[in-house]
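Undergrad: Spelled out from the first residue to the last, the chains are:
Protein chains: 2
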Amino acid sequence: MLQRPEHQVAGHEAGSGTLGPLIDGSGHFFKPLNPSDERGAHELAFYTSFFSDPRVPHSIRSSFFPSFGGTRVLPIPDAPDLLLPHLVLENLLHGYSNPCVMDVKIGARTWYPSASEKYYAKCLKKDRDSTSALLGFRISGLQVHHESGRWKPHRDKVRKYTVTDVRQSLRQFISKNPDETPPDCALASSVYGGSNGILAQLLELKSWFEDQTLFHFYSASLLIAYDKGGKAPRLKLIDFAHVMEGEGIIDHNFLGGLCSLIKCVSEILADAETAAGPTDPQVLETTADLEAAAGPAEPKVVVGLTENGIH
Amino acid sequence: MLQRPEHQVAGHEAGSGTLGPLIDGSGHFFKPLNPSDERGAHELAFYTSFFSDPRVPHSIRSSFFPSFGGTRVLPIPDAPDLLLPHLVLENLLHGYSNPCVMDVKIGARTWYPSASEKYYAKCLKKDRDSTSALLGFRISGLQVHHESGRWKPHRDKVRKYTVTDVRQSLRQFISKNPDETPPDCALASSVYGGSNGILAQLLELKSWFEDQTLFHFYSASLLIAYDKGGKAPRLKLIDFAHVMEGEGIIDHNFLGGLCSLIKCVSEILADAETAAGPTDPQVLETTADLEAAAGPAEPKVVVGLTENGIH
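Which chain is which? The protein sequence lines are A and B, in order. With UniProt numbering, letter number 308 in the first sequence gets 308, and the count goes up by one each step, no holes. With UniProt numbering, letter number 279 in the second sequence gets 279, and the count goes up by one each step, no holes.
The hints are simulated quantities; they were obtained by calculation from the structure and are not laboratory data. Since we're looking at a predicted model, the values are computed, not measured. It is possible that some hints are incorrect.
Since copy identity is lost for identical chains, a pair holds within one copy or between any two.
[What the hints assert, rightly or not] DSS-like, lysine-lysine: derived pairs with alpha carbons at most 30 Å apart:
hint: 1; residue 1: Lys231; residue 2: Lys118
hint: 2; residue 1: Lys206; residue 2: Lys231
hint: 3; residue 1: Lys126; residue 2: Lys206
hint: 4; residue 1: Lys228; residue 2: Lys122
hint: 5; residue 1: Lys126; residue 2: Lys231
hint: 6; residue 1: Lys160; residue 2: Lys125
hint: 7; residue 1: Lys122; residue 2: Lys176
hint: 8; residue 1: Lys206; residue 2: Lys236
hint: 9; residue 1: Lys228; residue 2: Lys125
hint: 10; residue 1: Lys118; residue 2: Lys152
hint: 11; residue 1: Lys160; residue 2: Lys118
hint: 12; residue 1: Lys125; residue 2: Lys176
hint: 13; residue 1: Lys160; residue 2: Lys122
Build the full structure now, drawing on both the sequences and the hints.
TA: Now the structure itself:
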């Protein structure tokens with residue numbers, strides 16, 4: 001029943017001597033706890049603490065984090081005689097047949113103040129070589145399903161993304177034809193927009209980060225996922241191997257990056273809505289899909305944006 | 001008529017062979033443009049660009065920035081035969097007889113992506129040695145006038161401030177007796193609170209930073225000032241020698257630090273209001289000053305905070 005996740009876009013992959021996550025058919029995602037690597041123990045400690053802390057609002061836990069079911073000992077695919085404890089998490093792509101997925105690592109810096117000089121130097125180099133230092137976030141991986149197949153840029157290519165590439169990818173991610181120039185952004189309103197869309201979810205998460213001083217999420221990612229099935233797009237925080245105690249200070253590094261992502265997504269949505277002309281039906285194309293995608297602006301989100309911006 | 005500013009709490013001071021700012025009796029602040037240092041030219045370029053850019057809202061320019069009157073050639077105090085161009089700025093403390101002043105350098109990092117390796121290493125060290133990396137801001141200097149005189153910690157002491165020291169200073173800054181333990185925070189509501197107070201101004205500035213992608217304010221400071229004269233406390237951005245073009249990206253570094261400062265100020269205000277018990281007059285002390293300071297919570301600000309936080 002256990003298998004390697006088909007739609008993983010970042011992180012370690014199981015097989016060929018490498019430990020990686022497994023999924024089952026019931027919506028579980030098993031992440032190996034490598035005993036020779038303290039990151040697993042650290043992530044387990046985070047989940048245990050986070051899911052038992054009464055100061056974390058229930059709505060935040062259930063909306064933005066994978067559910068957590070402790071640990072389970074499982075055989076390793078390439079070495080079935082070898083048993084290893086795994087974190088039991090929610091498979092965030094369960095129920096999606098052809099998920100479009102993006103992994104966005106949030107924060108201009110991925111090193112934490114108590115890091116060793118070696119780890120710190122390694123992170124700092126990656127932050128400066130990627131878009132993290134400039135943009136406050138970087139894309140770690142993505143895939144888009146479209147009519148003629150799956151578009152998944154190679155990791156080495158994603159690693160070299162410039163700010164322009166990141167902006168482009170955020171547009172390709174919600175396009176029917178990601179390869180088109182410029183990307184059509186036909187799904188902008190249905191994925192990024194609306195009261196259950198990614199932008200509304202990002203704004204809700206931001207509200208919590210403006211207030212919470214419990215945890216600092218260094219090197220964590222936002223997983224953004226949707227499929228064509230009409231379910232609300234999902235936004236979840238993942239990868240907690242480097243979460244630190246907040247010690248009464250807000251996570252200004254994560255919050256700054258989150259605000260930068262919000263700005264980028266807002267711009268794409270505003271452009272798409274202008275292009276689709278929601279007040280001018282003549283501009284709309286005639287396919288039902290496109291009409292649904294470009295559909296009426298959600299007043300709730302527009303008000304939120306206006307409050308946040310002075311134009 | 002020209003003299004050295006009496007209430008400067010950070011930055012270079014004029015005299016003894018060092019260039020520093022001068023003030024006149026009409027509310028001007030003259031900042032020397034040292035021809036051997038590109039920072040002056042850079043700051044002049046910023047002021048010129050900022051004050052002519054139609055994309056900067058008028059309310060932001062007038063509320064949060066010193067007014068700018070070009071340049072003027074002036075003699076240097078210690079070498080009156082030597083003439084040097086100066087930036088003509090607004091003396092932000094003009095009209096205050098006994099100003100309480102704090103200089104807060106905003107941002108977890110003061111280096112900018114294009115900085116030289118030498119400058120970058122110098123900034124990074126300062127950011128990690130001070131509270132900048134941890135807290136997203138650091139205090140560069142402060143003074144408080146109280147009944148028995150002026151309290152102004154020495155620069156070397158301020159330079160070594162820990163997070164706890166910063167929190168303490170933010171409380172001492174609005175205390176009648178800064179030396180008391182714990183600080184009395186008697187002026188919290190009148191300085192930090194209210195619809196014209198520092199918190200409300202910080203929130204307005206934050207709204208602009210969530211949207212603006214024109215400038216990145218590396219190593220800039222917020223000057224917070226008030227006196228007992230009953231004027232609204234002032235919040236101004238200063239020190240623009242390292243402002244960079246935003247290139248369409250929000251200033252997530254400044255914004256993150258600003259949100260951290262907002263959180264710290266909010267907590268002090270909430271504590272002070274709880275302690276003063278605005279709904280229970282028996283708890284109030286009887287001096288008019290203290291009543292005015294602790295006075296009724298401002299609904300406008302409280303709503304703003306509630307919207308921003310999940311409790």
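Undergrad: Against each hint, give a clear statement of whether it holds in the structure.
TA: Each hint tested on the structure:
no. : hint            : result
1   : Lys231 / Lys118 : neither (44 Å within a copy, 51 Å between copies)
2   : Lys206 / Lys231 : within (23 Å within a copy, 34 Å between copies)
3   : Lys126 / Lys206 : both (25 Å within a copy, 29 Å between copies)
4   : Lys228 / Lys122 : neither (39 Å within a copy, 51 Å between copies)
5   : Lys126 / Lys231 : neither (35 Å within a copy, 48 Å between copies)
6   : Lys160 / Lys125 : both (13 Å within a copy, 28 Å between copies)
7   : Lys122 / Lys176 : neither (37 Å within a copy, 48 Å between copies)
8   : Lys206 / Lys236 : both (13 Å within a copy, 25 Å between copies)
9   : Lys228 / Lys125 : neither (38 Å within a copy, 49 Å between copies)
10  : Lys118 / Lys152 : neither (32 Å within a copy, 40 Å between copies)
11  : Lys160 / Lys118 : both (22 Å within a copy, 25 Å between copies)
12  : Lys125 / Lys176 : neither (35 Å within a copy, 47 Å between copies)
13  : Lys160 / Lys122 : both (16 Å within a copy, 28 Å between copies)
Against the hints set out earlier in the document, violations occur for numbers 1, 4, 5, 7, 9, 10, 12.
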